[in-house]
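Going down the list, the sequences are from chains A and B. Going by this note's numbering, the first residue of the first sequence is number 46, and it counts up by one from there. Going by this note's numbering, the first residue of the second sequence is number 46, and it counts up by one from there.
Source of the hints: derived by calculation from the structure; they are not laboratory data. Quick reminder that beta carbons are idealized off the backbone N, C-alpha and C, glycines included. Some hints here could point you the wrong way.
What the hints assert, rightly or not - Computed, partial: chain B to chain A, Cβ under 8 Å:
id, residue
1, His52
2, Ala72
3, Ser75
4, Gln171
5, Lys174
6, Leu257
7, Leu339
8, Tyr340
9, Val341
10, Ser383
Number of protein chains: 2
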Amino acid sequence: MENFVFHNPTKIIFGRNTEEKVGEETARFSRKILFHYGQGSIKRIGLYDRVVESLKKAGVEFIELGGVQPNPRLKLVEKGIEICRKEKIDFILAVGGGSAIDSAKAIAVGVPYEGHVWDFFERRAQPEKALPVGVVLTIPAAGSESSASAVITNEAGPYKRGIYSLLIRPKFAIMNPEVTFSLSPYQTACGIADMMAHVMERYFTPTKNVELTDRLCEATLKTIINNAPVVIKEPDNYDARAEIMWASTIAHNDLLSTGRIGDWATHAIEHELSALYDIPHGAGLAILFPYWMLYVYKKDVERFAQFASRVWNVEVNFRDLESTVLEGIERLKSFFKSIGLPTTLKEANIPDDRLEEMAEKATWAGPIGNFVKLEKEDVLRIYQMARG
Amino acid sequence: MENFVFHNPTKIIFGRNTEEKVGEETARFSRKILFHYGQGSIKRIGLYDRVVESLKKAGVEFIELGGVQPNPRLKLVEKGIEICRKEKIDFILAVGGGSAIDSAKAIAVGVPYEGHVWDFFERRAQPEKALPVGVVLTIPAAGSESSASAVITNEAGPYKRGIYSLLIRPKFAIMNPEVTFSLSPYQTACGIADMMAHVMERYFTPTKNVELTDRLCEATLKTIINNAPVVIKEPDNYDARAEIMWASTIAHNDLLSTGRIGDWATHAIEHELSALYDIPHGAGLAILFPYWMLYVYKKDVERFAQFASRVWNVEVNFRDLESTVLEGIERLKSFFKSIGLPTTLKEANIPDDRLEEMAEKATWAGPIGNFVKLEKEDVLRIYQMARG
């Protein structure tokens, strides 16, 4: 086990009707806020009205900035920073999924910074201050509601880049599973792939002797796998939606990486896909993760056999562990397929004429991944395997 | 799943040599502190010197109050409160196990309170303020390093009573597994029973549809069970000590009870044992938990069968689930025996002439337990079953 610091002070407020608490929770921090959201789905499901009512009741003034797109854009972040500075706003409330939250986090570090916010994403500077952020979560997927990371797309490249800073962990996250009833099966499935990827990035580690976190990862994955078909088939099943929603937070609140080094190559490889073709991050991860596994499993066959056995209930073939590994990877792929996700680039209508460019960009800062270090050529090979 | 709020802001600093950070972490809060510890074991293992050096380096002045006993006493808490008030101290550093930490927490709520601190333990008042507490942990057991609870023994009864308040979660907990190498096999085993009990109190719930937390509980228990014989046999095995130490915190930081109601009857039943006979809390729990299980399992045979199957690898007898349940309980008991713990009152040299008095005291505030409500007669029956 590696030495670690674990500090996650996000206050989670979970369950039915919890959005009614947003005014009270926000008022602890500020009386004048930026209310940041996406493309209007919160209005269709009535959440917008309930949030506004709660804010007004608590005497919290707000300025609205909607319009966050999936794969949130730098342009809107710049606009948010401008509004906050002009209006002397000192708190940002994100109501939405990972995109709205990540956009809010980027605004939060941008406001008190004298340079351009993109500096942080290009690693030219580290955030030293941030406005506090609060969250009402609508999509269980990114785990951004209690994570220390944010990913933004700069239209100029396009470049999709992330930052990690403890300063941007939200102060509170309000999570009502009922709010997720209206997610389409495809949105739901993309979220499921995203949260599973967060666990798997942590699971495939070069660190030895990490039994507790291995088992916590397996527990989280099994819960997601068991509840996924239920939420796809019965979108308003509260209990299954609740399991999935809480699992999405646990998957990415850093508990599962305590004492171990994560891999994170597949995230970097996927970011190039969604930057260029604007597909959902979860769909890209569903395509790529099994091929990443096929490319790297020989590095630690025992760990992959454990994954197959404990997560996918594959009967272990002790005379041929690799067959156990391959069956585990196959079950992961079949699972993604069964919940309606693409498993090749072709199925997602992604052409194969820019694979080299993507491989180049994915490794812009050097080799990626910690389980196995991948150079540009390795990444290209994985894209090629995923062509279909 | 029940609605819940989960908020655990304790900063965990885990790994080799982390005690060197105590000065720096403490200085964020205060320059004049109470340095609270037990009966000198921290001096024998050199930890005292390393803590003092770090505090001095960070410019933190301290007043010492040692002498905390296992089952920490109200008398010393009163003394600590007096010192803090007189010396205008605004931070308490506990270096030790659950007893030192609980004693520190009681002092922390007592200092700013005008009445007597025991009011909180008698439920005559709720803490509204508390001094911040920091921890250097030496015994993985009680989980007090990031919990919101504290248990104190009032010699006058003797009464052993607990409080729960979010105000007393420590600000930071420094956890170096090397510090636990010097624990005796018996101390180690008592700690193991204590942390397992924390998980089991949460596991046996009346709440339905709690798959994620069920599985996280099982993951934690399996890790403890697998590493227990290793730390008993090889006290300086870093990796196994680290698993046990991190598991003890996870067992009691409230993550495992998110969305579910815990039972907690066995804790109340045990407190009377250790109040009267001053045995380690963990030893008392090891004796009582299997008998509590035998007394209540019919309330939810499926849950107990799941426990037997998933935690103890009992092969399920689908035509006779009760036999599966009983085998699971038997394996728990054998496990406690195998690590050197008593499994009956007789083995712990506890006479059976005051069982009625203990049953009376355990139910002083009404029936106990949420999985099954236990009246005085039920508690008495459990004590009688445990006689041996």
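A quick look at each hint next to the structure:
{"no.": "1", "hint": "His52", "in the structure": "4 Å, holds"}
{"no.": "2", "hint": "Ala72", "in the structure": "17 Å, violated"}
{"no.": "3", "hint": "Ser75", "in the structure": "19 Å, violated"}
{"no.": "4", "hint": "Gln171", "in the structure": "20 Å, violated"}
{"no.": "5", "hint": "Lys174", "in the structure": "17 Å, violated"}
{"no.": "6", "hint": "Leu257", "in the structure": "4 Å, holds"}
{"no.": "7", "hint": "Leu339", "in the structure": "27 Å, violated"}
{"no.": "8", "hint": "Tyr340", "in the structure": "28 Å, violated"}
{"no.": "9", "hint": "Val341", "in the structure": "24 Å, violated"}
{"no.": "10", "hint": "Ser383", "in the structure": "19 Å, violated"}
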